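J.: If you read the protein sequences in the order shown, they are chains A, B, C, D, E, F, G, H, I and J.
Okay, so the first sequence: first residue is 165 according to the working numbering, each after it adds one.
Okay, so the second sequence: first residue is 165 according to the working numbering, each after it adds one.
Okay, so the third sequence: first residue is 165 according to the working numbering, each after it adds one.
Okay, so the fourth sequence: first residue is 165 according to the working numbering, each after it adds one.
Okay, so the fifth sequence: first residue is 165 according to the working numbering, each after it adds one.
Okay, so the sixth sequence: first residue is 165 according to the working numbering, each after it adds one.
Okay, so the seventh sequence: first residue is 165 according to the working numbering, each after it adds one.
Okay, so the eighth sequence: first residue is 165 according to the working numbering, each after it adds one.
Okay, so the ninth sequence: first residue is 165 according to the working numbering, each after it adds one.
Okay, so the tenth sequence: first residue is 165 according to the working numbering, each after it adds one.
Simulated from the structure, these hints should not be mistaken for laboratory data.
Hints should not be assumed to be uniformly reliable.
Looking from chain B toward chain H, a few residues come up when the C-beta cut is under 7 Å (computed) [to be verified]:
#1 242
#2 243
#3 244
#4 255
Here the structure is a predicted model, which means the values were calculated and not measured.
Note that beta-carbon positions come from the ideal geometry of N, C-alpha and C, so glycine has one too.
Chain by chain, the residues run as shown.
There are 10 protein chains.
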Amino acid sequence: MNRNDVTEMIIEAKVKKGLRWEDVAARLGLSKEWVTAGCLGQMTFSPEQAVLLGELFELPDEAVKWLQVVPYKGSLPTTVPTDPLIYRFHELVSVYGTTFKALIHEEFGDGIMSAIDFRMDLTREADPKGDRVHITMSGKFLPYRTY
Amino acid sequence: MNRNDVTEMIIEAKVKKGLRWEDVAARLGLSKEWVTAGCLGQMTFSPEQAVLLGELFELPDEAVKWLQVVPYKGSLPTTVPTDPLIYRFHELVSVYGTTFKALIHEEFGDGIMSAIDFRMDLTREADPKGDRVHITMSGKFLPYRTY
Amino acid sequence: MNRNDVTEMIIEAKVKKGLRWEDVAARLGLSKEWVTAGCLGQMTFSPEQAVLLGELFELPDEAVKWLQVVPYKGSLPTTVPTDPLIYRFHELVSVYGTTFKALIHEEFGDGIMSAIDFRMDLTREADPKGDRVHITMSGKFLPYRTY
Amino acid sequence: MNRNDVTEMIIEAKVKKGLRWEDVAARLGLSKEWVTAGCLGQMTFSPEQAVLLGELFELPDEAVKWLQVVPYKGSLPTTVPTDPLIYRFHELVSVYGTTFKALIHEEFGDGIMSAIDFRMDLTREADPKGDRVHITMSGKFLPYRTY
Amino acid sequence: MNRNDVTEMIIEAKVKKGLRWEDVAARLGLSKEWVTAGCLGQMTFSPEQAVLLGELFELPDEAVKWLQVVPYKGSLPTTVPTDPLIYRFHELVSVYGTTFKALIHEEFGDGIMSAIDFRMDLTREADPKGDRVHITMSGKFLPYRTY
Amino acid sequence: MNRNDVTEMIIEAKVKKGLRWEDVAARLGLSKEWVTAGCLGQMTFSPEQAVLLGELFELPDEAVKWLQVVPYKGSLPTTVPTDPLIYRFHELVSVYGTTFKALIHEEFGDGIMSAIDFRMDLTREADPKGDRVHITMSGKFLPYRTY
Amino acid sequence: MNRNDVTEMIIEAKVKKGLRWEDVAARLGLSKEWVTAGCLGQMTFSPEQAVLLGELFELPDEAVKWLQVVPYKGSLPTTVPTDPLIYRFHELVSVYGTTFKALIHEEFGDGIMSAIDFRMDLTREADPKGDRVHITMSGKFLPYRTY
Amino acid sequence: MNRNDVTEMIIEAKVKKGLRWEDVAARLGLSKEWVTAGCLGQMTFSPEQAVLLGELFELPDEAVKWLQVVPYKGSLPTTVPTDPLIYRFHELVSVYGTTFKALIHEEFGDGIMSAIDFRMDLTREADPKGDRVHITMSGKFLPYRTY
Amino acid sequence: MNRNDVTEMIIEAKVKKGLRWEDVAARLGLSKEWVTAGCLGQMTFSPEQAVLLGELFELPDEAVKWLQVVPYKGSLPTTVPTDPLIYRFHELVSVYGTTFKALIHEEFGDGIMSAIDFRMDLTREADPKGDRVHITMSGKFLPYRTY
Amino acid sequence: MNRNDVTEMIIEAKVKKGLRWEDVAARLGLSKEWVTAGCLGQMTFSPEQAVLLGELFELPDEAVKWLQVVPYKGSLPTTVPTDPLIYRFHELVSVYGTTFKALIHEEFGDGIMSAIDFRMDLTREADPKGDRVHITMSGKFLPYRTY
């Protein structure tokens, strides 16, 4: 058994039980974004969180241990994602990549937006012309320092 | 002359004149995100916008015409960006890609978040532990339809 | 079990039972194009559609549930398809890609043809010099907007 | 000088003169799809057609000769196109590739749709919910033969 | 079971029984080139041919059905083949590719040699300095047409 | 100046002068296949041959020297050729690669068909259903030896 | 002119003048590691630093401005470096990558070592069996946080 | 069974038993860096070391033998690692690669830092602004020699 | 069962029995280089050789048959080998590739060194500064011929 | 000017003057293998050697300085070389890679053959069946050490 097996167990259990990610997150008292990423094998759970997930998805003990091990991250099977929904995010990076760079450097100087000290929130934005996906991201700015 | 040449002219002029993207955007009365993307060769300008940019960056007439031609989009030289700032966005897609997919489908059903009917806003978020980059994205949800 | 397993079950059942895609589509009262794509793991079925397919292909209950889960899309094993029939479509994009772009922008301005709000129809076109494959595609034009 | 240089000359002249592809095609009495592809370096012109284009775009004599030489085809700079409009066509092949294959084989048996004995037509389809891009493709079916 | 499994069954049976491709082809009354390609998963057999192969290789009924399904073609595990014999053919395309193109266009104009309406014959050519592999290929010329 | 420059000079001169490869070959008293490959930068000419080509294409002296230097071979800009004519040959290797291997090993044992001690001949094959491209290849079989 | 041009100017001037990186760094009063990276186009200089470098390398004014613009980072022409010295570092990441991961997570929990809030020092380590390259790296640990 | 299977056995046993790499290393009396790399399939153990590991992880006899066989090295599933922690090291090579090269050649002349006659040490560096990962590397300099 | 399975059987048996390649080769009365390559799935054995290997490694009858079938050659899992020992050979080709080409053409004219009519010998070269790996290669020169 | 420019200057001068690598090497009193590699941009020359080469090839002073700068090594334009002569060496690594590994480890234990402390010699081996290319390589064995 490895962490990928645990991810597959969780997805299978979710399909069989008809659970929603939002409900899984509520059970842990955390955001749906972080909990979903964790269940999909991208984050590390504390022992208490892992036990709760084990109960919810009826996982064996070994799986509960694996949830506490830092996973090898990266959730996509190919560098350029073939899935249309995920590709649109890839496209945003491709089209707006140099714009992100230009504007962040203009505001903050040389450095990056952290993808580690990072949080995000994804909600529905009602719109008469068709509802919209609304995403808020917040990442700490980390400056390059001279030495 | 092609659109890439015009992008290079704009970047050179910006370095020489010490302009800021925010000021360029203000001159056009539009967001700094869209205007920067356009100046970096990713969007198409109207004749009036193109003329204004031509004055601002002292571009030749032919360049002003090129700004009104729809460009071949994609701003990055390699599939996996080597620049650390842009890579962090690539990493977010890699780590959170399946999470975006799971949560959007849970909320909206099968479909995508449009990267075309899309807007975004990038600001500084003050934080005593170190300021943060704050990004808001809004893209129309487009459902797959059966036929 | 995952969605790929369900796709393989459907293909195996189709070979064993000698079914035709056209008949499968008729059973659901939908186009053969959309139904085939769905059976090959690219679209999401409603509960009623999934139950009908489950009966037709004698699928287990879990498989019927998987048909209602949005799949990770992309039907090809390699970026450049090795199969000659599919490659011809890849070649059309390679040869006519810039032509599609030039003509759609000339007619509609900057934007794209949606691959989501999209339908297509594939028929036989009788021709004395040899019958032809006739394909009609219709995708909503989505304009880029300034903001 | 080579054919790529001629393509760039044509695009530059078109931008400077503000010509439309449709008008260029009308001048030759042919479809806008084939003429545009040819001007973008994908098709071969007859001597008469080349002379007409030379006049229209004010090309030097050597360029007129190059238009009559069969070009090395393929109009895109990367295997997976970064341009959003062209990518949508790539995505259609990725998502519907196995569907094209299944339905054409079901109707015609083993073989391919020719991308050489091929024609297409791209038009605007009026729609109250937003106009659509309408594309009709017709390619001769070529059967594999046993020998 | 899928077509790849059937190909492996055939290869295993061939090794166990010590059959020769030439004899397999003779049993079907067809060329060894086409029959070998079909047994290696690249061509589609008629019901009668499939039954004969089923008897010869002692295949189960389901395998016999799979032989009649059009396969996803492409016989090599990597784009550049590592096997030295197959690589030499890849090298011929690499070294002589532009020569094939130049000479076929000189003789026939713009178009291609069909790889579908195609036959070939591979024989031993006796030579006192060492026997040679002699290959004859014949593919229909398909012209590009203006429209 | 390098060999690629010489290849471009030859192609430009050929377009300007309207020469045919067949005539170029006749001038050297050799096959059109080998001479075309050489002019396209894939073979090495003797001093006498180089001088003849220099006269024919009006090349400078330095170019005549370069024609006698062994070139870095490989005539295609990408691993998978985008040009439809050349791709068909790539496809033949992809589809028939394992067939070539199986049949040559069946006839000759372990070894390869040489792509060096190799000759080929490309002709028009008249056919009432449409003329065909006829190619004959002959390569020495080279056996692997035990040691 | 762009930043790459400035990097090439600096390297050419360094070769012509016979300067050493250590001396360049001393002139700026900073480490040789950071200054070399900056001169090679990977870091951003302050106006004072840029002026000093401009004097040292006799750069034109525009180049001095470019040194103050945040560069598009990434110093290598290929993903897997062909240069043997640089490849050894790539090999260390390949062989020890999972070891870095295991040990940092064991000591710190889930998170990363920053490559931005980072410094390093490269010195000669005398050794009777042959001197050694001694490298010290120090990067801030950044923990993933739950949210 | 192969060496990869043994690596998976070790990782599974470590998760189940809750062992720490540091303790495993202490049992062998060696550094945690080398022992972890070895357990992750990158180094070769002596018979005594292998027996100790076999006891610690309760490995079968065949696994203990495999630990003494030189493994096929390389610990990462993709050329560019998707895991954020490991990617940061890849980024250091990308950003500082030419700097490593410049400074080592300046100090030592032409040659490389050995990745074989190499040792490293990874520790926690306390820092009031947040603890840091401290890594010391030492590799023998190997000069290219003329001959 | 296929040839890869046989290779794995041989390697497993070798580890279990503690055999040396040199002894395996001696049993067949052939060089250790050719026999090792054959056991690793790169060469074809005669019936007598296959039977001897079957006895030595206690292989099943079917495996003995597979050893006599020409394998699909290529022993490495990635194009650029990650294993440091094998990479050094890849590096030699990368660094010295154009040197091999220049010197062989200078001595022999246009052609290649055969990798088929090839033998090699790998021995220990005692050296007081550290023993050396000594490799002798001999491949027949094959000239390109004009035709 | 950069090192690549110097390499091109040397090759052009060699073609114009009709020099042989062997003679160039003799002028420096070194092996033809090392000197050719150096002239092709892979090795670093001492000031005396660089001056001699400058005289021989009539290089400008700046080029003579560049010959003394350690180059960015790697002589091939693509990872898999398209040139048939160089490809044969690539093929040897592909086919014999695991054999090199197995035999060197059997003789020396875990470690590598150095590609830095390395020398080679390439000669003609007369053979009545056709002369052969004879290559002798000698690289120091470098053992991995435990620490």
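J.: Against each hint, give a clear statement of whether it holds in the structure.
T.: Against the structure, the hints:
Taken as an interface hint, residue 242/B does not check out: its beta carbon lies about 10 Å from the nearest beta carbon of chain H, beyond 7 Å. Restraint check, residue 243/B versus chain H: the minimum CB separation of about 9 Å is more than 7 Å; hint violated. Below 7 Å, beta-carbon pairs count as interface contacts, and residue 244/B has one with chain H at about 5 Å; its hint therefore holds. Interface restraint check for residue 255/B: the shortest CB-CB distance to chain H comes to about 6 Å, inside 7 Å, so the restraint holds.
Hints 1, 2 from the earlier list are contradicted by this structure; the remaining hints agree with it.
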